[in-house]
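Number of protein chains: 4
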Amino acid sequence: MPSPAASPDSLPSAGTLAARYRAVRQRSLALAAPLSAEDAMLQSMDDASPAKWHLAHTTWFFERFVLGAQAAYRPVNEAWDYLFNSYYQSVGPMHARSRRGLLSQPGLAQVIDYRAQVDARMQRGFEHGGFDADPALKPRIELGLHHEQQHQELLLTDIKHAFWCNPLKPAYRDDLRPSPGQATALEWIGCDEAIVEIGAPAWPGAGDAFAFDNESPRHRVLLPAHALASRPVSNAEYRAFIDDGGYRAPGLWLSDGWARIQQDGWTRPMYWDDDLTREFTLGGMRAIDPQAPVCHLSYFEAEAFARWAGARLPTEAEWEHAAAQVPVTGNFVEDDMLHPTSPCTTAPCRSDVAQGDFCGGASRDRTTESDIGEPATHVAPTPEPAATPPAHPHQMFGDVWEWTSSAYSAYPGFREMPGALGEYNGKFMCGQQVLRGGSCVSPRDHLRASYRNFFHAPDCWQFTGLRLARDA
Amino acid sequence: MPSPAASPDSLPSAGTLAARYRAVRQRSLALAAPLSAEDAMLQSMDDASPAKWHLAHTTWFFERFVLGAQAAYRPVNEAWDYLFNSYYQSVGPMHARSRRGLLSQPGLAQVIDYRAQVDARMQRGFEHGGFDADPALKPRIELGLHHEQQHQELLLTDIKHAFWCNPLKPAYRDDLRPSPGQATALEWIGCDEAIVEIGAPAWPGAGDAFAFDNESPRHRVLLPAHALASRPVSNAEYRAFIDDGGYRAPGLWLSDGWARIQQDGWTRPMYWDDDLTREFTLGGMRAIDPQAPVCHLSYFEAEAFARWAGARLPTEAEWEHAAAQVPVTGNFVEDDMLHPTSPCTTAPCRSDVAQGDFCGGASRDRTTESDIGEPATHVAPTPEPAATPPAHPHQMFGDVWEWTSSAYSAYPGFREMPGALGEYNGKFMCGQQVLRGGSCVSPRDHLRASYRNFFHAPDCWQFTGLRLARDA
Amino acid sequence: MPSPAASPDSLPSAGTLAARYRAVRQRSLALAAPLSAEDAMLQSMDDASPAKWHLAHTTWFFERFVLGAQAAYRPVNEAWDYLFNSYYQSVGPMHARSRRGLLSQPGLAQVIDYRAQVDARMQRGFEHGGFDADPALKPRIELGLHHEQQHQELLLTDIKHAFWCNPLKPAYRDDLRPSPGQATALEWIGCDEAIVEIGAPAWPGAGDAFAFDNESPRHRVLLPAHALASRPVSNAEYRAFIDDGGYRAPGLWLSDGWARIQQDGWTRPMYWDDDLTREFTLGGMRAIDPQAPVCHLSYFEAEAFARWAGARLPTEAEWEHAAAQVPVTGNFVEDDMLHPTSPCTTAPCRSDVAQGDFCGGASRDRTTESDIGEPATHVAPTPEPAATPPAHPHQMFGDVWEWTSSAYSAYPGFREMPGALGEYNGKFMCGQQVLRGGSCVSPRDHLRASYRNFFHAPDCWQFTGLRLARDA
Amino acid sequence: MPSPAASPDSLPSAGTLAARYRAVRQRSLALAAPLSAEDAMLQSMDDASPAKWHLAHTTWFFERFVLGAQAAYRPVNEAWDYLFNSYYQSVGPMHARSRRGLLSQPGLAQVIDYRAQVDARMQRGFEHGGFDADPALKPRIELGLHHEQQHQELLLTDIKHAFWCNPLKPAYRDDLRPSPGQATALEWIGCDEAIVEIGAPAWPGAGDAFAFDNESPRHRVLLPAHALASRPVSNAEYRAFIDDGGYRAPGLWLSDGWARIQQDGWTRPMYWDDDLTREFTLGGMRAIDPQAPVCHLSYFEAEAFARWAGARLPTEAEWEHAAAQVPVTGNFVEDDMLHPTSPCTTAPCRSDVAQGDFCGGASRDRTTESDIGEPATHVAPTPEPAATPPAHPHQMFGDVWEWTSSAYSAYPGFREMPGALGEYNGKFMCGQQVLRGGSCVSPRDHLRASYRNFFHAPDCWQFTGLRLARDA
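Chains as they are written, first to last, in the UniProt record's numbering: chain A, 1 to 472; chain B, 1 to 472; chain C, 1 to 472; chain D, 1 to 472.
Check each hint, because a few of them may be wrong.
[To be verified] Listed next, the in silico EDC-like pairs over lysine to aspartate or glutamate satisfying Cα-Cα at most 16 Å (straight line):
#1 C:Lys138 / C:Glu127
#2 D:Lys169 / C:Glu78
#3 D:Lys169 / C:Asp335
[Stated by the list, open to error] Coverage of chain D stretches by chain C, computed from C-beta distances (three or more under 8 Å per stretch; other residues unrestricted):
#4 75-88
#5 164-173
#6 238-252
[As the list claims (entries may be wrong)] Restraint-style ranges between C-beta atoms, simulated for each label pair:
#7 C:Gln262 / D:Ala69: 22 to 30 Å
#8 D:Ala109 / C:Gln26: 24 to 32 Å
#9 A:Gly310 / D:Arg97: 29 to 37 Å
#10 D:Pro93 / C:Ala249: 51 to 59 Å
#11 D:Ala96 / A:Tyr87: 31 to 39 Å
#12 C:Tyr82 / D:Ala72: 43 to 51 Å
Just so you know, these hints were derived from the structure itself, not from any lab.
Where a beta carbon is used, it is the ideal one built from N, C-alpha and C, also for glycine.
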């Protein structure tokens, strides 16, 4: 099993860190480049933020927690501390989240200038050893970069939702093109009961790679015998669920899920057109690719689909254990598709899977989907069952975040980071579900097997899909 | 009594109309000029609209109801019909009012270009007699210009609210300067019971000046004997109400008003700072001028103040009858103050009042405020009572819209305009109160004595104040 | 014109007052008698109150404002002051209106005992001259009796709504029987422009009959020329409105009304079954009598119907002037139908109308409905037009409260009653519409031509209907 | 380790079952006996139900799922199927939960008669072998009895909340008396890492004791090394949290918890008086016993307290493993206190703990609370530390339900019961937290170590407290 400590993400030297700083910061600007100042101000719901705010808040993070750690530091603009704090109660009050879209001023140009000023100050710090005296600073810079990468993804998901709210259905970019792939059989990859390790060592620590505090400590868990699907659920399979009356059958839904779809009249994934053949993407309205992973599902929808399919969602431990066996490859933001794709589109089929041992022993249950047990066997037959079932699952990383059945909570021995940054993750450990694997709008070097994302059960504006699991 | 038919507002010739069209349309652009594209997109509450939307909707009005009257007309952009319709159900469905702020596209530049294209088409119509064949068209153009003037005022009140929601409290314009005036005694101008005429002849009609349908027909009403205050209530007087515990005394308030101030924690006018010495204006935060009319009051606050002062609000008939005796002079948008001012600031004191008969007979009750009867006499004494009480009230027009005690409803014999434009006014005749006189952000030539504005009792983002009245 | 001062309702002597006290108090108990203790606790919406609460609050009114006026008075239970105060802020805080249904204790039996104790104390006062010393007390008793009569009506309307909320649709009484009548032509009764007097002299005053403060002062108004329908709109006529698509035509509705019926899915009067043939009554589900006045309409529905019919609602002055010409006869709570009935059911046809002069002059416009002017003439033809149009309208009192186009506001010269009882009416003068005439659940001796009832535009759980009017 | 299969709760014979049926059914009536018909109708919030409804719904459960399994069955009243179904979508539509308080009819007497009729029919079934043919029936009866026991507890918690909403703060029973005990030191009982079994075998099955489906299957979990507090947190300790500013320190709270206490103004447990010395109980207002377990905490409050105390909540597996070592003794509904009590009140101190091995090995961490680690050590010192730390925790059962850090979700291998009863538990597995151990209003024979209760994080109307845990 690969050691997490061997990851290239280990705490970098200042030189490396400076280079990474520039690269990450530059990408945020690049992602915002297709947006007008007006586009960058859109806030379409309380949960989403304007692109401009993402640009400013990520900058504030460095200014407040890195530059501001020096007592003599004078902020670029003191009044902005209130505007661009997100939820750090311990550093002071903040502008209401739901009203971020009301900040026409400072304008986008001012925010970009703010970024430049902070970047220049950071650059001086890198060049003159300004971050050497306090050992807390470099880890905070590293954290700030991962923080900014999270907001890069949010910038894209938030603007997608905002554009979808415009009756003109404008595209974020006109040059994006779909890359339809081919169907792949859904297969089951078994795993015997085993004690495995998941999670990451607490960071920062000697020699350890970056991980958020919520991923630590690395710890032992007992996995039950189970099987995991070889790939995410596809649009075609989800369409079969709809066609079979899935949205009209209360018995398939969690109680809260049924209440929600009744109340809000859900009959399909949020971005699907009502003819079920087209969907809204960052490239505008587009035909739905039947083979691509279904996307923008709420937990309620993912859970109902799994029940309909006679299966269940994986736990996060089951997911992580499988993911730790495969390299972090897939369809990421760098691939510039900005939409989930069929398997085999971005890489030679199966080449992303290191051959060999899975699950610490012989997979005892390599079967095609036609084996899905009674009572419900709904996943549509695939054209040509693979002759040789895969040893490892595909598309674990990228494409779509995969809902797990695990509620977001603390690992045994979890400790929040000290100080204000302890508010980063821990205080959200209630009422949310864990998602794993990253999406087509996640930066590749931001992800890892132990990464825990979390959203509320009704949320569907992230690139969220599912992979089936079942008891062995 | 001056005949309304003699007004210079009579239906103009095409030449005049074209000139007026250009002037009104140009002013909208001038009012939006201080705004960035981001500012122009702000929608701070459901009741308010983005400046950009005002610019677009007023243009759509001409395109839809004037240019579009020709069967062969091809719109500048068909998709915008849905976006820029406000509430005309009979011409089709529309974008939800509360979501106008989510339209980053079309951008401000596109909207300005849309204006230019429609203006050019209108210009061709003026030049080539395109509006001569259908007798309905010129009246619709005239209506469209008054419609646009209404939106000019809304553009200013809406952006004021939006900027106030920004913790930075940005100014709409940095070059606005207060013009403090001097105190003027509040005096009472009496009026005996009389049958008077109010309202305006139905327009369009032979020789008649423009008026909205809700001002017609001109009709007889019986005024009871009463007295009207010589000027609006001042900031100093309203401050005395606050200092006397006005916001804590349930007995002063309408039941709905008390519920509202309890629920939302109102303790002062919306734009006042909590130290009661500064207020938010279109020029930013500024010291409150004690002598200027108090502004941005809800009906609830105006009504409570009047009760505290031992007085009442005037009815709209009382107000109109008095206003018809004085010229339409005052502090308007053209004065470029964009804030209410003390009396005597914009014009030689009293010179705005034609000397002579008021109310069709001798004013029997010319008294200074110190005569305000029992039980409550709260309006603060003024420095030097005027030696000669005025025959006519001051500041009837401009400065602040004055809440009346009259609910907005149909005059006897009222007929809505035919067709879609019948939705302009009539369908709002429920649950709102009439305001009279215009404000410091109203265009001068948009106002007249018979003009009826209307808002809901809790509304306070318009420039709204009050003038006291009392039973004789 | 009959003088209001001649009314039999003049301030009674203590003997008369004591008798009236016993009668009114007894009727409240009789109205509650069909209810179980559980029924009497129902509160089906914030606007409605439990029957038990009505019984207790009306008792509290006498205890607080009459018995409690003596300094030495010891209440039956001090803790109940908080529970049974409705909205009198000046006598102290109160239990939240929306939570009256949560008071299982004191139980119904305790409340009935409370009534008995207060009645006994009142009786001693009547017998021993206890109300003679303070001249304010007898008027307060008189007011308290009218107050209790208002709550008698509310008790019935509130329990009707509560039972309707029970899927079993229980009847308040099983012994109620419909009394179908016969069709009567709708005719128009004209009235020339005239100055008339409406309202009632301020009460209490020398020799004056009881009236609420909101009915005073009696004052002069200028009525425009107009015509009033001879009877309320019938169920058959309202059914024609529904069948003609009335609920689907936005052009017929006030803006707020259209929003409301869209939001809540209204397609018919609240208590009508969806097959449009049966309705819920205090006697349970029952076939709709086509000839009976339509009932339980909101103002929105009444106003939309009038527009559809090419007519309008009357103003309250128009209504009152006509009503003052006819005796207070009709279908009241004493008739024990508890539902509106066809004309001619309870009294010999037309006998309720004094022959002679209407409107202070010759009625210039006595026409049958077939004269209803353009553009819309929707009121269904009646079987046999009356040979001689009536001089006075029918069914002005009883059956259904008639919505007027008048917003509820102060008459010129209005003064609230002094002290806490000033909160009775005046503080509600905003955002409501006036209704006139009483209903089939109003006590007969509680009504008069000047009586002003008021509810919000969406309210429809009272027995509310309409009578058409039109400009002459 | 005791085998769950040895429990006396194993599937009973018909004779035993009939006796148990009578006993359980009788207790429901006994619990409702102190209530008037009005009390029994109270519904103080959407989450709570009227006592009458509990009595009816539990009866409906037997009628629908046991008696109704016979095709020829004729219900006592067909219309009640709609009224008394709770949430079983698969058997048909149901009355809205939030409107159960509007059912004055059928009245309490009718519901009690309904119970008698169903009981008589059940009795005939027991006597005549009516439940022998279908093997599903006896398990359903057994389930129905446990279902009814759940509603017995809800009946008490719901009526407590309802009475608390009455400003008179009536007692459910006047004869309840507090039994103050003495302080007990909080000690820590350690447990090494171990693989343990939790859960219960799927029921019904050969020889197995009753358990709900959500407790199964019995399965292996890996417990991390940890320590569990010897007793629940006391009122005195919680008071120290309040006095230390716990409700004003955002850093102690989950994000949703902080938002909630800000929004609703929470400053203390729901039933505590604002002087922090008295609390509302089923016996009315009463002095708070400092040594008794703190009660009626939301998950938010429990979690914040634990953080303040430098500890955490236990997982449900940690809790269950410890609980499985001790007998099901404690303060239950049969003890007739109906309120949590100090330790040592109901039983000889420590006698409830079987001496011997805990946690499958030597407890390595038997310490008193003074050992609570850095950084926060807030649990107040106790008068006299125990000389010998306990081998097992006290008060695991009864007194208060103990919040765990575990979100309510499916065990590995979970299968819902087939048919409509599959809706019993599984569809609520989202967004709730697990509680363990039962309370002072739980029936003793309804509880077991594997029992999983679940509520939402803000809920505090159940008898909910907490026990601290910490990482070893």
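Taking the hints in turn, this is what the structure says about them:
Of the supplied pair hints, the one linking C:Lys138 and C:Glu127 holds, its CA atoms being roughly 13 Å apart against a limit of 16 Å. Between D:Lys169 and C:Glu78 the alpha-carbon distance is near 14 Å, which keeps this suggested pair within the 16 Å criterion. Between D:Lys169 and C:Asp335 the CA atoms are separated by roughly 42 Å; this puts the pair beyond 16 Å, and the hint is violated. Counting residues of the segment 75-88 of chain D whose C-beta lies closer than 8 Å to any C-beta of chain C gives 3; at least three are required, and the coverage claim holds.
With a threshold of 8 Å between beta carbons, the proposed coverage of the segment 164-173 of chain D by chain C holds, since 5 of its residues qualify and at least three are required. Counting residues of the segment 238-252 of chain D whose CB lies closer than 8 Å to any CB of chain C gives 0, which falls below the minimum of 3, so the coverage claim is violated. Our hint of 22 to 30 Å for C:Gln262 and D:Ala69 is violated, since their Cβ atoms are close to 45 Å apart. The supplied range of 24 to 32 Å is met by D:Ala109 and C:Gln26, whose beta-carbon atoms lie about 27 Å from each other.
Between A:Gly310 and D:Arg97 the beta carbons are some 31 Å apart, a value that agrees with the proposed interval 29 to 37 Å. Distance hint for D:Pro93 and C:Ala249: a CB-CB separation of about 32 Å, inconsistent with the stated range 51 to 59 Å. Look at D:Ala96 against A:Tyr87: about 36 Å separates their beta carbons, and that is inside 31 to 39 Å. Between C:Tyr82 and D:Ala72 the CB atoms are about 56 Å apart, so this pair departs from the stated range of 43 to 51 Å.
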